[in-house]
Every structure is written in structure tokens, then in C-alpha cells.
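Below are the chains, spelled out letter by letter.
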Amino acid sequence: MVLVLLFLLDLFLGSVRIPFCEIVKILISGEGKEEWVTIIYKFRFPKAITALLAGVALSVSGLQMQTVFRNPLAGPYVLGISAGASLGVAILMLGFSSLISASNILNIGNWAIVTAAWVGSGLILFLILIVSIRVRDIMTILILGIMFGSATTAVVSILQYFSHETALKAFVVWTMGSLGHVSHEQLQVLSFSVIIGLAISFASVKLLNALLLGETYATSLGLNVKASRILIFLSTSILAGSITAFCGPIGFIGIAVPHIARMIFNTADHRILLSGTLVLGGILLLFSDIIAHVPGYDTILPINSVTALVGIPVVVWVIIRNRKYKAFS
Amino acid sequence: MLNTIERKHFIQLLSLFFYLLFLILSVPGCRNRSYDTNSMLPEKMGKEINIAYAKGFRIVEFPGYTKINVHNPWQGAENISFTYYLVNSENDVPKELTGKIVIRTPVKKIVCLSTTHIALLEFVDEISSIVGMSSPQFVTNNEVINAISRGEITDVGYEKNLDFEKIVHLNPDLVLAYGIGSEVTGYMKKLNELGITVVLNGEYLEKEPLAKAEWVKFIAAFYNKENVALMKFDKLARQYNFLKDIASKEKDKPLILTGLPWKGVWYMPGGESFAAQFIKDAGGSYLWNKNRSIEALPLDMETVYEKAVNADCWINPGAASGIKDILRVDKRLGELDVIQTGMIFNNNAVVNKKGGNDYWESGVTNPHLILKDLVKIFHPELLPDHNFVYYRKMEK
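These protein sequence lines are chains S and A, in that order.
Read left to right, the first sequence gives residues -14 to 314 (this note's numbering).
Read left to right, the second sequence gives residues 4 to 399 (this note's numbering).
FYI, nobody ran anything at the bench for these hints, they're computed from the structure.
The reader is advised that the hints may include incorrect statements.
[Said to hold, decoys possible] No more than 25 angstroms apart at the CA atoms, straight line, and that leaves these computed lysine-lysine pairs for DSS-like:
{"hint": "1", "chain 1": "S", "residue 1": "27", "chain 2": "A", "residue 2": "310"}
{"hint": "2", "chain 1": "A", "residue 1": "163", "chain 2": "A", "residue 2": "399"}
{"hint": "3", "chain 1": "S", "residue 1": "18", "chain 2": "A", "residue 2": "310"}
{"hint": "4", "chain 1": "S", "residue 1": "154", "chain 2": "A", "residue 2": "356"}
{"hint": "5", "chain 1": "S", "residue 1": "27", "chain 2": "A", "residue 2": "356"}
{"hint": "6", "chain 1": "A", "residue 1": "210", "chain 2": "S", "residue 2": "154"}
{"hint": "7", "chain 1": "S", "residue 1": "27", "chain 2": "A", "residue 2": "399"}
{"hint": "8", "chain 1": "S", "residue 1": "154", "chain 2": "A", "residue 2": "103"}
{"hint": "9", "chain 1": "A", "residue 1": "256", "chain 2": "A", "residue 2": "283"}
{"hint": "10", "chain 1": "A", "residue 1": "103", "chain 2": "A", "residue 2": "193"}
{"hint": "11", "chain 1": "A", "residue 1": "396", "chain 2": "A", "residue 2": "356"}
{"hint": "12", "chain 1": "A", "residue 1": "163", "chain 2": "S", "residue 2": "154"}
{"hint": "13", "chain 1": "A", "residue 1": "283", "chain 2": "S", "residue 2": "10"}
{"hint": "14", "chain 1": "S", "residue 1": "154", "chain 2": "A", "residue 2": "327"}
{"hint": "15", "chain 1": "A", "residue 1": "327", "chain 2": "A", "residue 2": "293"}
{"hint": "16", "chain 1": "S", "residue 1": "18", "chain 2": "A", "residue 2": "228"}
{"hint": "17", "chain 1": "S", "residue 1": "154", "chain 2": "A", "residue 2": "334"}
{"hint": "18", "chain 1": "A", "residue 1": "103", "chain 2": "S", "residue 2": "27"}
[Stated by the list, open to error] What the simulated footprint calls covered on chain A by chain S, stretch by stretch (three residues with Cβ under 8 angstroms from a Cβ of chain S suffice, anywhere in the stretch; the number is not a length):
{"hint": "19", "region": "308 to 317"}
{"hint": "20", "region": "333 to 343"}
All residues carry an ideal CB built from backbone N, CA and C; glycine is no exception.
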């Protein structure tokens, strides 16, 4: 209910002031002042859907990672997915720019960036999958994931160090995340990937519940721990990887929302938790997006900063309310 | 009798004592020196060179030397001023200039850390004095490109990656630098320690096209060519103002959009910015001309769309070389009327292979030509015979 309300609110509020009745008319009949119709359908609608998808995908993948690694600080990027995506984009925008041209940076099309991010995060996923086939201990995988991530971040820093201001600024803006530039056709690809990722997540609810009780217990239930891990890694990468590819790395949501869901629903059962996280993630990112567009003002804030600033008070408030809260009790 | 070790000790102590004594005495000494500054020639004895537009520097000529002040040479700098003293190398350095930054003129070897400096040097015909460059791959000036390929100009690195060893090896009379922020003082200090004089050039901070170009007077002083620069600049300024007067009297001002969005955000030049000034002077009406900012405004795409949907003309869409490129950045830009009319012009008619754009290089000293291009775009009937220099129409 709140989700639907916020989705509508995201359509109603924006930098351009459009009267309430006009928006209702446009939404119902699709007719109205031409500019406003374009703003609603081509600007706000794709943006709201992107916010919804990103919130859902990142929260769900965060939840999965926290369960698999049994670590409350894990998030969608713990496997190094965003670092991999950043490396791909950095090579495209900074690496090539020093060879080709700094001023042409803005000409790099949206799809090129998406592809670069995909390739980068896919590479990291591939490494993680190889490791998880060979290694049994989950902590080893966690450590290796963090190592891969740090290594790619180091390469990105070197690229940043050697790049010119224009290219650097363009790259930094990419790392701040953005929901507003995903086009209609990109949105189709994004929705498709998120739906596939979510389908795998819902299919692995039982695996997640079993893993929560410990790997030994899961094995005794007849579960193939390695296979289920790979399945969960796959869905996490599809979810977090595609969001990062289209929107840039959006932080905080993935770590915070699963905790909020656990506290609100007061359960560890992933059948409930997964749906709860999904809805809360959508709500939080839609809300952040409304704030980021500073309704009534011309300007816009980077979504990454807003998610953190909006999310942190929520988490703090929830923790203070439930002092007994433990992530894995 | 003291034995040798004790004597050594004693000498050490004695030298320490004298050293301390020297330190104590040198404090009032310092004061004496600052007193000397006051005893320098009074300002009224100097002849100030007329600077009509630029705000970042002033030049005062005194008998025996020229004093140059550069004010706030980086963004956000406040009450920061650098003073340089130029002395003709045929004369002796006057006594009152001891301890000051003294530069012997004419400068023979110069290292430029920005491509815009090339234009200033070209204006006074001193390209041949360049021995080192930052980012030579972005240069569009043919004379400089040739010199680079002959190995007469060395790549000295850029910003944080300046190659100090190369600069020292080149042993230039002057390094012409610019500051994006106060961090520039870091490498200035470093170069000073290495015995190299650094002069900050703030031309890029000027808000008016003519003010930027007026920095040629600044450069000229280092080559004793003030008179040439004054004459050439006056001619240029007259041409600019003549055209500006005609264009700004046009009643029918087209609505102008500028820039290109990036990741859903449109960094729009402020209403008081350099870009806005050019549009105004060329008889256009900038969509954000009511804004009072110099800096670029990060705007939401939908805001820009609503305001720009009926724009008559769109200039400087980033690095786009055709309408195709614009649509590749964001397909929704196709909703703007101006995409249909095709009245889109970019300032990248002269670009080298690496993307270095002459608009930002020689354009600095050719504001009158840029203005002509813009007037031709906004009011083609005023300049029917003019051929574009920096601008070109975007292909469909």
C-alpha cells in the first residue's frame, strides 16, 4: 500500500510543478499539455520504475548475502560486483580517454557504459564462482571476494589518478548513482534481468532458510551447499550487477533494508523476509528518489548520498526501538 | 690546554651560540627588510597600464622595473595576491627588489601548463619560446605541433603528475601555471624549491570574453611587448564591441539552450557565466539568463526539458559531432523542438585527433571571431558573408 502510494508520489512530485489535477488527468486519459505528458511518461515514469526495481533488487541481494555469509555487514556488493562494474566503466571512461580524448567522454553512449559494467561485474562473478566450486569454507569466499574487490578498486584509483578533470568528473558522477537517465528500452532489459534474478531468489527461499541454520545442518537435510551457494550468487549478481550497470553503484539500501525487514517482521523465515525486504527496498528507494529530486526546486541531488542520509536515521531509529535486535539469533 | 675533543666540543657550542645570536638578530633584520618594501618606489611614481576588462591582474611600470599583481588566481580564492617584478635583462636588478620574485625579461624559455597559454603567446608572436607543455596531445596550434614532433617541446606531465625532473632539466626562465584550486600552491612551492619561477595565469577565471583575451597584456609584459599587445588588443576589442552593439540591438532574440546532460543531470552554465555572456553579446536570449550564478547549475532533466522544449537554437552540446551523438546520450532529447528544426551548432569545427578543441585554445584570444560565429547563428542576416571559424552545424 505504502509502496503504491510512494510510487504515485514519485510521479506527482518533481522539479517541474505540475498541478495535481493535471497529473491525474494525464495518468487516466493520457492527455494534457504536451510537455507535461512527456515529463510524466518519459521522465518520471521510467525513473520511478527504475527506483522501484533498484530498491527491490539491491535489498533482496543484500538479504541473500547476509544469510549466505551469516554476516550482518554483508551487502550486495560484498562479492566485489560493484567494484568489478566500476573497473569496467573506469576502463571505458578513463582508460580509453587518456588514449583517445578527454572531451569525447560525454559521447560515450549509455549502452557502452552498461556493457562495460556488465563485463566488469561478470568477470568478478566468474572468479567468485570458480572459487566457490573449489573452496568449501564460506569465510574464505568472503575474504577472497573482498580481496578481488580491493584489487579492482586499486586499479580504478590508478586510472583516476592519471585521468583528466573532465573524464574524472564524468566518472565520479557515475559512481554517485543515478536513476533518471534509464531509457525505455534499457528499462525493458533492466526489468527482465530483475525478474529473472528475483525468480531465482524466490526459488531458493528454502535453501536460504536451511543455510541460516548452519551449513552442517543444511547438508544433513540433504542440501547441496555448494550448488545452492552458486545459485544464490548467480541471482545476487544478476540483481546487483544489472542495477549497477544501469544506475551506477547505489549504496546503503542493500545493507540496511534486510535489517529493517527483520526488525519489522520479527522473523528469520525467508518466505516472509524476502517479500518484506522486497517491498521495503522499493519504498526506501522511491522515498529517496523523491527527496533527491528536491520537489519544487530545479536542482537534483546524487541518489547515493540521499539513500544513506535517509536510510541511516531509519536504521538507528529501528535499532533503538528494538534493543534486543540481533541479526542472526 | 683543552684537548682536541674538548676543543671540538667548544667550537660546536660556540657556533651554536653564534647561530642563536644570528637568529635573534635576524628577527629585527626581517623587520628591516619589510621596512625596505615601504621605501620602494611609491605607487604614484609608476605608470599603470590600462586594463579595461580583466579583473585578475594589474601592471604598473616603474623606472627600472615592472610590477605585476595577480589577484585570486584560482576558483574560490579570496584576498590572495601574487606580485612579480620584471626587470629587463640588460639592466641590473634594483636593490629594493632583493627577496622579491624577480623575472628577467624578455623571457627566453617558457613552460606552459595549459593549452590556452599557447594562444596568449601566439598573440605576441612568441610561440618559439615554448620549451615544455602539459598535455601536448590536445594542442591544435600547428606551429606548436610541429615543434613537438621535432622534439623542441617536451611533455612535462600535468597537474598532480608534473614531471619535476624534466622541468628542472629544461631550465626554463618561467613556468606559466594555472590553478584549479589552492592545491596549485603545492607544486608551485616544489618548483620554487627547485629554483624555478612559477607565474600563475588566471585568464580562465575571467567572466567576460574580452577580459580573458586581455590577458595578452599580461603575457606581453614578460616579453617587453606591451605596446604591440595594447595595439592589437584595442583593435580586437573595437571589433568585438562594434558587433556586440549591433547584435544586442536586435529586437528578435532567439531562445538559446546550451550544454549536454550527463547521467540525467544537466550542468547548465550559470546566468552570469562566460557562456551566458557570449550569448547575450551575440543578441541571443539565454534560457537561464535570470540566474545570478557564475558556476554551472546541476539541473534535473525534466526542468530543462520543460524550459527548453521551445528553444530556437542549441549551442555547445558537449563533444557531440552530430545529432546522432546527442540522441545517443539521451534519447529523450529528441523531444526538443530544436532537434526537428536542426538549429544545433557546436563549437568543435577545429578539433585535433585527440579531441583537443581550438575553441578553448586560440578562441581565448579570438573572442571577436567567436562572437561573429554566434551572431551568424542567432541573426544570420547580419553577417551574410561570414564563414564559421569555430562553430559548425550539427548534421542530422
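Comparing the hints with the structure gives:
Between residue 27(S) and residue 310(A) the CA atoms are separated by roughly 16 angstroms; this keeps the pair inside 25 angstroms, and the hint holds. Taken as a hint, the residue 163(A) and residue 399(A) pair is broken in the structure, with Cα atoms around 40 angstroms apart against an allowance of 25 angstroms. Of the supplied pair hints, the one linking residue 18(S) and residue 310(A) holds, its CA atoms being roughly 14 angstroms apart against a limit of 25 angstroms. Distance check on the hinted pair: residue 154(S) and residue 356(A) sit about 22 angstroms apart at the alpha-carbon level, within 25 angstroms; holds.
Between the alpha carbons of residue 27(S) and residue 356(A) the distance comes to roughly 36 angstroms, so the proposed pair goes past 25 angstroms and is violated. For the hint pairing residue 210(A) with residue 154(S), the CA-to-CA distance comes to about 22 angstroms; that is within 25 angstroms, so the pair holds. Note on residue 27(S) and residue 399(A): the hinted pairing holds, with a Cα-Cα distance of about 23 angstroms set against a maximum of 25 angstroms. Using a Cα cut-off of 25 angstroms, the hinted pair residue 154(S) and residue 103(A) is violated, with the two alpha carbons roughly 38 angstroms apart.
Between the alpha carbons of residue 256(A) and residue 283(A) the distance comes to roughly 9 angstroms, so the proposed pair stays at or under 25 angstroms and holds. A threshold of 25 angstroms between alpha carbons decides the hint, and for residue 103(A) with residue 193(A) the separation of about 17 angstroms falls inside it, so the pair holds. Of the pairs offered as hints, the one joining residue 396(A) and residue 356(A) holds, with about 20 angstroms between alpha carbons and a cut-off of 25 angstroms not exceeded. Taking the CA atoms of residue 163(A) and residue 154(S), the gap is near 16 angstroms; set against the 25 angstroms cutoff, the hint holds.
Taking the CA atoms of residue 283(A) and residue 10(S), the gap is near 39 angstroms; set against the 25 angstroms cutoff, the hint is violated. With a CA separation close to 24 angstroms, the supplied pair residue 154(S) and residue 327(A) stays within the 25 angstroms bound. Proposed proximity of residue 327(A) and residue 293(A) is contradicted: the alpha carbons are some 31 angstroms apart, above 25 angstroms. For the hint linking residue 18(S) to residue 228(A), the alpha-carbon distance of about 61 angstroms lies beyond 25 angstroms, and the restraint is violated.
Distance restraint check for residue 154(S) and residue 334(A): the Cα-Cα separation of roughly 22 angstroms lies within the 25 angstroms cut-off, and the hinted pair is therefore satisfied. Taking the CA atoms of residue 103(A) and residue 27(S), the gap is about 62 angstroms. The hint is violated against a cut of 25 angstroms. Chain S is given as covering the region 308 to 317 of chain A, and this holds because 3 residues of the stretch bring a CB closer than 8 angstroms to a CB of that chain, at least three being needed. Interface restraint, the region 333 to 343 of chain A with chain S: holds (4 residues with C-beta to C-beta distance below 8 angstroms; minimum three).
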